[in-house]
Amino acid sequence: INLSFCLNASGKHVPDSIGFTVELHLDRLKHKGAVKRALFLRSQQPHLVETLHLRNGASSECREMKIYLRGESEFRDKLSPIHLSLNFSLDPEAPSDSHGLQPILNYLTRNHIEQKAQIQLDCGEDNVCVPDLQLEVLGDHSVVYLGDKNALNLSFHALNRGEGGAYEAELHVIIPPEADYIGVLRNHGNLSSQSCNYDTVNDTKMVICDLGNPMKAGVSLRGGLRFTVPRLVDAKKSIQFDFQIHSKNANNSHSEVEFYSLRVEAALRISANGASMPDAVSLPGSGWVPGRSVQREQDVGPGVYHVYEFANEGPSAISEGILDISCPLRMQGRTVMYVTRYAVPANCTSSHPINPSRLQLEPPPNPFPWQDPHYVQKQDGGGWSSGSGGNGFSLKCHEEECFQLRCHMGALQRQESVSLHLYFRIWSKSFQQKESNPQSIQCEAVYHVQKVPYKIQPAEHTSANLKVTTSLHWAKAETSQGVPLWIVILAILIGLLLLALLIYVLYKLGFFKRSLPYGTAMEKAQLKPQAASEA
Numbered sequence: 001i002n003l004s005f006c007l008n009a010s011g012k013h014v015p016d017s018i019g020f021t022v023e024l025h026l027d028r029l030k031h032k033g034a035v036k037r038a039l040f041l042r043s044q045q046p047h048l049v050e051t052l053h054l055r056n057g058a059s060s061e062c063r064e065m066k067i068y069l070r071g072e073s074e075f076r077d078k079l080s081p082i083h084l085s086l087n088f089s090l091d092p093e094a095p096s097d098s099h100g101l102q103p104i105l106n107y108l109t110r111n112h113i114e115q116k117a118q119i120q121l122d123c124g125e126d127n128v129c130v131p132d133l134q135l136e137v138l139g140d141h142s143v144v145y146l147g148d149k150n151a152l153n154l155s156f157h158a159l160n161r162g163e164g165g166a167y168e169a170e171l172h173v174i175i176p177p178e179a180d181y182i183g184v185l186r187n188h189g190n191l192s193s194q195s196c197n198y199d200t201v202n203d204t205k206m207v208i209c210d211l212g213n214p215m216k217a218g219v220s221l222r223g224g225l226r227f228t229v230p231r232l233v234d235a236k237k238s239i240q241f242d243f244q245i246h247s248k249n250a251n252n253s254h255s256e257v258e259f260y261s262l263r264v265e266a267a268l269r270i271s272a273n274g275a276s277m278p279d280a281v282s283l284p285g286s287g288w289v290p291g292r293s294v295q296r297e298q299d300v301g302p303g304v305y306h307v308y309e310f311a312n313e314g315p316s317a318i319s320e321g322i323l324d325i326s327c328p329l330r331m332q333g334r335t336v337m338y339v340t341r342y343a344v345p346a347n348c349t350s351s352h353p354i355n356p357s358r359l360q361l362e363p364p365p366n367p368f369p370w371q372d373p374h375y376v377q378k379q380d381g382g383g384w385s386s387g388s389g390g391n392g393f394s395l396k397c398h399e400e401e402c403f404q405l406r407c408h409m410g411a412l413q414r415q416e417s418v419s420l421h422l423y424f425r426i427w428s429k430s431f432q433q434k435e436s437n438p439q440s441i442q443c444e445a446v447y448h449v450q451k452v453p454y455k456i457q458p459a460e461h462t463s464a465n466l467k468v469t470t471s472l473h474w475a476k477a478e479t480s481q482g483v484p485l486w487i488v489i490l491a492i493l494i495g496l497l498l499l500a501l502l503i504y505v506l507y508k509l510g511f512f513k514r515s516l517p518y519g520t521a522m523e524k525a526q527l528k529p530q531a532a533s534e535a
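Going letter by letter, the sequence shown gives residues 1 to 535 in UniProt numbering.
Since the hints were derived computationally from the structure, they do not count as laboratory data.
Be aware that a few hints might be false.
What the hints assert, rightly or not - Here are the simulated DMTMM-like pairs of lysine to aspartate or glutamate, each with C-alpha atoms no more than 25 Å apart in a straight line:
| id | residue 1 | residue 2 |
| --- | --- | --- |
| 1 | K451 | E401 |
| 2 | K451 | E309 |
| 3 | K248 | D122 |
| 4 | K236 | D203 |
| 5 | K30 | D199 |
| 6 | K116 | E64 |
| 7 | K78 | E163 |
| 8 | K455 | D234 |
| 9 | K30 | E114 |
| 10 | K451 | E178 |
| 11 | K216 | D242 |
| 12 | K66 | E114 |
| 13 | K216 | D77 |
| 14 | K116 | D126 |
| 15 | K36 | E50 |
| 16 | K149 | D242 |
| 17 | K248 | E50 |
| 18 | K78 | E50 |
| 19 | K116 | E72 |
| 20 | K149 | E416 |
| 21 | K216 | E258 |
Produce the entire structure from the sequences given, and follow the hints as far as they go.
As structure tokens, then:
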């Protein structure tokens, strides 16, 4: 582009030669730091200062130079005009006259000149583009859950159905305070991952995506954005993302605002795991002696250790829960178990006392949470309500009599778990006869969610059931163990009697008579004549 200017000067009582300083600014309205769209060809700068010396009353003196427009990819603003400005002033370094005075400009002189240059667009003869911007938004979730991170993918489809391009077209996404921007979905649509940036405008979180400059008529763009929603509060029943296309066009510069709303809910899932250690018991058990009075714990029978564990799989948190356990005390008319201790990080109420006979207890087995400060230990009565059925216990007793335990559990965050450890002894005395003995002892546990720390409640009541079974089988007792003393004495007496009877029979048969040295009398008579003939 050729740029030229001319200047002439005349005045009274001024020197023959008048000095002027001329300043030219290209793209003047672009402030410092912004990209100047036009530059002087020689200096590659948008600012030029020249000094001219004019003769008083002479004809105009002109200057001509070349300016150029930057490459299209180097700037975004293609709609606003490029302002070219010229300022001139008397040279402050000019010498004074004989009176020590310097000339001044007439106050009517216009010393600032400005013109505009418009960038030619592909928008017809009038150079005015009129886009028609449309937007569609889809998401992979319609619900977000309290207490969860809530990974969320939102996809958009942007179109320009107008007759002209949309310049500096951008997608603006207003993010709710509860959400965080993660990034652009990879391999999703034709939008590059470098096209979107996160920004904060007046405490409003936004994602701004470049849709093209221009976004030409007929263009269709697809893309996806990744978010998380970790800061939900129960004061809102829904949250909202706002999508809108913006451009710098004078006409139809915006699309309609598309709202993507998500419901806020609370939801829970409880998982249950249990174990019996050992999972099978041989009766009557080693160390148990029949007939011995029950004074110590091991006199009852073999020990069994049950663990009941319940985990909050989320996504929401639990502020209060109830854990109920039911185990059979009597089955088929006989006592089958004796509870000696339990441990749980909660306060509990039982239908029967723990260790009611006040037996001398051994240290509990590992991994029983012994002396763990988070666990409440019960091993010596107390903390129980009377009655075998137990009013208020949610689990029904399916046997003649059950040990039931109800524990009020505290808060349980997502992915946290709580466990109850129960230790009991099999009542071996009840299993001396193999016939008609129970084949197993099964305890049942259930965890109920009572409260959540939100005003918004879960749509369904949440609970989890668990059954832990210990198998029982009869092991053949060794001869030195488990045989009553009277049977041993009777067996010895019978053995002695049989031995005496055997001796008597042998005696009658002459088994015990002494034999002569040379045979019988008949043998001696046969030997004598033979001896005589030899003589």
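Quiz item: Among all the numbered hints in the text so far, which are the ones the structure does not match?
Solution: Of the numbered hints, 1, 17 and 18 do not hold.
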